[in-house]
Structure formats: structure tokens, C-alpha cells
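Trainee: Chains as they are written, first to last, in our numbering: chain A, 1 to 160; chain B, 1 to 359.
Derived by calculation from the structure, the hints in this document are not laboratory data.
Positions of the beta carbon are idealized from the N, C-alpha and C atoms, including for glycine.
Where hints are given, some of them may not hold.
[Said to hold, decoys possible] Quick list of the computed label-pair ranges, beta carbon to beta carbon: (1) A:133 with B:3: 16 to 26 Å; (2) B:241 with A:41: 35 to 45 Å; (3) A:50 with B:311: 49 to 59 Å.
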Amino acid sequence: MFNFVHKCRKKSPWIVHFDAGACNGCDIEVLACLTPVYDVERFGIINVGNPKHADVLVVTGTCNRRNARVLRNLYEQMPEPRAVVAVGACALSGGIFHECYNVLKGVDGILPVDVYVPGCAPRPEAIAEGVLMAMERVEQRSREPHSQMQAEPAEREERR
Amino acid sequence: MALKTVIPFGPQHPVLPEPIQLKLVMKDEVVQEAIPHIGYVHRGIEKAAEKMDYVQNVFLVERICGICSFLHALCYCEAIEKLLPCEVPPRARYLRVIWGELHRLQSQHLWLGLFADAFGYESLFMEFWRNRERVMDLFEKTAGSRIIISTCCIGGVRRDISDEHLEEILQTLKEVERALDHSIPALLEDYTVRKRIVGKGVLTAEKAVELGAVGPVLRASGIAEDTRMTGYAAYDELDFKPVVETAGDCYARAKVRALECYQGIELIRQAIQRLPDGEIAARPRGRPNGRVVTRVEQPRGELLYMVAANGSQKLERMRVRTPTFANVPPLVAMLPGCEFADVPVITLSIDPCISCTER
Numbered sequence: 001m002f003n004f005v006h007k008c009r010k011k012s013p014w015i016v017h018f019d020a021g022a023c024n025g026c027d028i029e030v031l032a033c034l035t036p037v038y039d040v041e042r043f044g045i046i047n048v049g050n051p052k053h054a055d056v057l058v059v060t061g062t063c064n065r066r067n068a069r070v071l072r073n074l075y076e077q078m079p080e081p082r083a084v085v086a087v088g089a090c091a092l093s094g095g096i097f098h099e100c101y102n103v104l105k106g107v108d109g110i111l112p113v114d115v116y117v118p119g120c121a122p123r124p125e126a127i128a129e130g131v132l133m134a135m136e137r138v139e140q141r142s143r144e145p146h147s148q149m150q151a152e153p154a155e156r157e158e159r160r
Numbered sequence: 001m002a003l004k005t006v007i008p009f010g011p012q013h014p015v016l017p018e019p020i021q022l023k024l025v026m027k028d029e030v031v032q033e034a035i036p037h038i039g040y041v042h043r044g045i046e047k048a049a050e051k052m053d054y055v056q057n058v059f060l061v062e063r064i065c066g067i068c069s070f071l072h073a074l075c076y077c078e079a080i081e082k083l084l085p086c087e088v089p090p091r092a093r094y095l096r097v098i099w100g101e102l103h104r105l106q107s108q109h110l111w112l113g114l115f116a117d118a119f120g121y122e123s124l125f126m127e128f129w130r131n132r133e134r135v136m137d138l139f140e141k142t143a144g145s146r147i148i149i150s151t152c153c154i155g156g157v158r159r160d161i162s163d164e165h166l167e168e169i170l171q172t173l174k175e176v177e178r179a180l181d182h183s184i185p186a187l188l189e190d191y192t193v194r195k196r197i198v199g200k201g202v203l204t205a206e207k208a209v210e211l212g213a214v215g216p217v218l219r220a221s222g223i224a225e226d227t228r229m230t231g232y233a234a235y236d237e238l239d240f241k242p243v244v245e246t247a248g249d250c251y252a253r254a255k256v257r258a259l260e261c262y263q264g265i266e267l268i269r270q271a272i273q274r275l276p277d278g279e280i281a282a283r284p285r286g287r288p289n290g291r292v293v294t295r296v297e298q299p300r301g302e303l304l305y306m307v308a309a310n311g312s313q314k315l316e317r318m319r320v321r322t323p324t325f326a327n328v329p330p331l332v333a334m335l336p337g338c339e340f341a342d343v344p345v346i347t348l349s350i351d352p353c354i355s356c357t358e359r
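So that you can see chain A by itself, here it is in the shape it has in the complex (with noise of 0.2 Å):
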């Protein structure tokens, strides 16, 4: 039963997107991806609404202090295993943006990034790598035992 679980996660990685304070750039690439030119839906990626179906996060923009809490929250409701993908310059360090009153810097200092996409704004293919590359981090992690996965992100972030 694990083992089809496993497979299955594998092939259909479905994401989450949240636009924490980006320009759009990074967003319409985002949906550009899963349109027909780009198509990752070969790939077995959809992008889903609800937190408690997805198994990648994809997030896009500076963070600051309001959406930092909406962000966090969605996170919690994913279920593990589970990845994270930081998209754009602006969700790496703050990008153009890094000295506005408003910003946090950077996804990291939020969530455990798993993968970062740099770019302003990166092209749908390098989005699409990114959000596979975070797929190799949840089997990984789907192979560790549970009591691992259950670890607090910072924790998890020190071990690794």
C-alpha cells in the first residue's frame, strides 16, 4: 500500500500557489505553465486550491508581515510530505524590492525553501524544473520514517 502511494505521489506532483506580494511576473508564469505552450500537466502537475491537496507549495514574491501569517497557515495545512518552491528573485531575497519598509527578504526566512527558481520573472520551464526537482525532495522524504516527518521545519531545516 505504501509503495502505491509512493508511486502514484511521484508522477502527479500537485501544487499550490500563493502570490505573496510579487508584480504578477512571476504569477502569470506560474499559470502560463500550466497552460497548452507549456503544458505540465503531461508532467502530472495541477495546480489545486486547497492546501490539503497539494504536495508542493509554490510561492512567488517578497513576503511581508501580513501574508507572512496567511503563507505560514497554508503551509501547516499541507499535508507531509511536503515541499516548498520559492519562485522569482523577489521570493529569494526580496529582489529589487530588498529595501522597502514593507519586505521580509525572502521566503526562507518564513518557510524551509526546498528549491529555489532565481530569475525576474524565471520562464515556465525553468518553474516547471523547479517544482520537479522539489518532487525528488518529497520521495525522499516520503522514504524517511514518520516520526522525521513530523519534525518541527526548523528543526528539519538544521538536520538537513
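Got chain A; can you put chain B on it based on the hints?
Mentor: Frame of chain A; chain B shown alone:
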């Protein structure tokens, strides 16, 4: 007796690409009041613009919104050019029209797709986005990037478009037009779709003016106002008439945008036909001094920049008023009385761009 309930809609919702929260006060299935809550994507760009110098700011304002980045840069550059003063060469003015209209075209496609998705017509969403990729390829060919094209600079444009690429643009526009002929009737003439959007979220002309609606929302209520008529860039030398509808409902707003796709294609053709030879950029000299307001028509409506400078390298103040900001009060007026299932469609019909609004 019916109870009043408050339903939070957003900030993370499948229909909303961006975080905005509407608190809906409901009585059974009917919306009584909508209270918008914003602040999820505020970055503080206006303050950052005071820290960077006026040339660097072009890159900053482009990143206010990724969907209409070129038009933000255009509006900012026009403001600085008025303050310097700096004369923009004619070829650059026409190239600005071409890139600006291409940006509008991709934005309209994006919206038409998302709108179709909001009432559950996913295959039409895919059709519009497939067509949009044709326009995106043009950006990649002419500017080297898909989203933030960074071609506008103070005094003109940074790159020229070669004759081959102009020819290619014309060819692609033909394909885009053919695809639009195919997919727009599916949106506007379909019985089921009409059931979902005709008569929903009505905004009368008086109300639209009173609440200060702009862009397609205003034009769909029967008022012929388009900032392009003020003749910035090269619009004063091109022939065009604003697209106007009178019903003021979601259908009229969709129709205005659909017809504006054709209008944009026509404007690009005119601009390419009349494109003069010559320089593409004038060298800006001196430092900006004074205070100026410039307006540009974005896909969503009128974009306004106020720039105050004091003769130094850094600006004293930059203020941006974006079309969505002006369109939120009309949205709040449209929602009461509608059913809960119509909320996503009506919200999307103003094309909310929250990252512009909150900056």
C-alpha cells in the same frame, strides 16, 4: 427569519490570482455588503523610489506590475521627460506605441482567459492563453524577455525593432486575429455563458462617473473616455475610437475588452505602417526639477503618476494611482444584491490587479 453571515472571500482563492480579501455580509444566498481588506501585497515602492535615483527608478516602476510593466515605465518616463525637458525622437514614440499595445493585447488575453475560468469554462481559458503565448513570443523576439521587457528608458527606447521583426509581428498578429475570431464568439454568443454574465453586476453610467470608474469598466457603462485620446506617445497621430458599450454589466465589460483586442491589433498595424526612420533615443541632460502629472491608458484603465523633483538626483516624491484602485469602489457598489456564486465572476470583471493597487 434569515440570518446574516459573514463569509471571507480570499486572500487565497482559486479564482483570485492575487491576494485580496472581501468580507461578504450575506443574507441567505444574497450579498448584502462587501468590505474589501487589502494590504497583503504592499511593498512600499513609492518610498523606495525616493531612495533610488531617477534613472534607476525606471527598473523599479516596471516591477510594480508584471502584466503591464511597459506602461508603468512609459508613464514614469513621460513624467521625467516633461521635467527635464527632453524631446523623444519620433521613431521611439512609435516603438512605444507598438510595445505598449502588445502589452495591452497580452493583458486582454490574460483577462479573457481568467474570466472564462471564473465561470468554469476551462477549455476557453486554455484557448485564450494559447493565443497569448504568440504575443509573448513576440516580446521574447523583440526585447529578449517575456514579462519585464525593460525597453522603455528616459529619452526614448532601449532597443530598435528590425524590419524582419516588424514583418514577423504583422504575421503573428494575423494568426492572433484569426484565433480571436474563433474564440471570442464562444465567449460572447454562447447561451450558457450569457446566462452567467448578462445582467450581472450592473453599473449605471451615473454611478460609474460618481464613483470614479476608469478604463473598460467606465466604457462598458457607456462613457467614451480613454486616456489614449490625450495623445501621449504617438497616439495623437493614429486613428482610433474608444470602444463603448452601454449595458454596464459583466457581459458589456467582457465585450469591451474583446473588441479592444482588435483595436490594439489595428493600432499596431497603423504604427508599423507609419513608423518613421531615425534615432531611437535622445540623451537626457540635466536633472528633473518641478512637479508633473502624467496619465497613460493601461489595459485596466487610467494610470496616473505624480512626480515631484527638486533638481537633485533623487526624486522628492512619486505618487502612483492605478486603475484598480479607482475601480474598487464601483466593485463594492456592484456586489450587493448579487448571489454568492456570482461573486467570483463580478470580482474578476473589473480585472483586479492588486500588486499595482498596493504597490
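Trainee: Sort out which numbered hints this structure fails and list those numbers smallest first.
Mentor: 1
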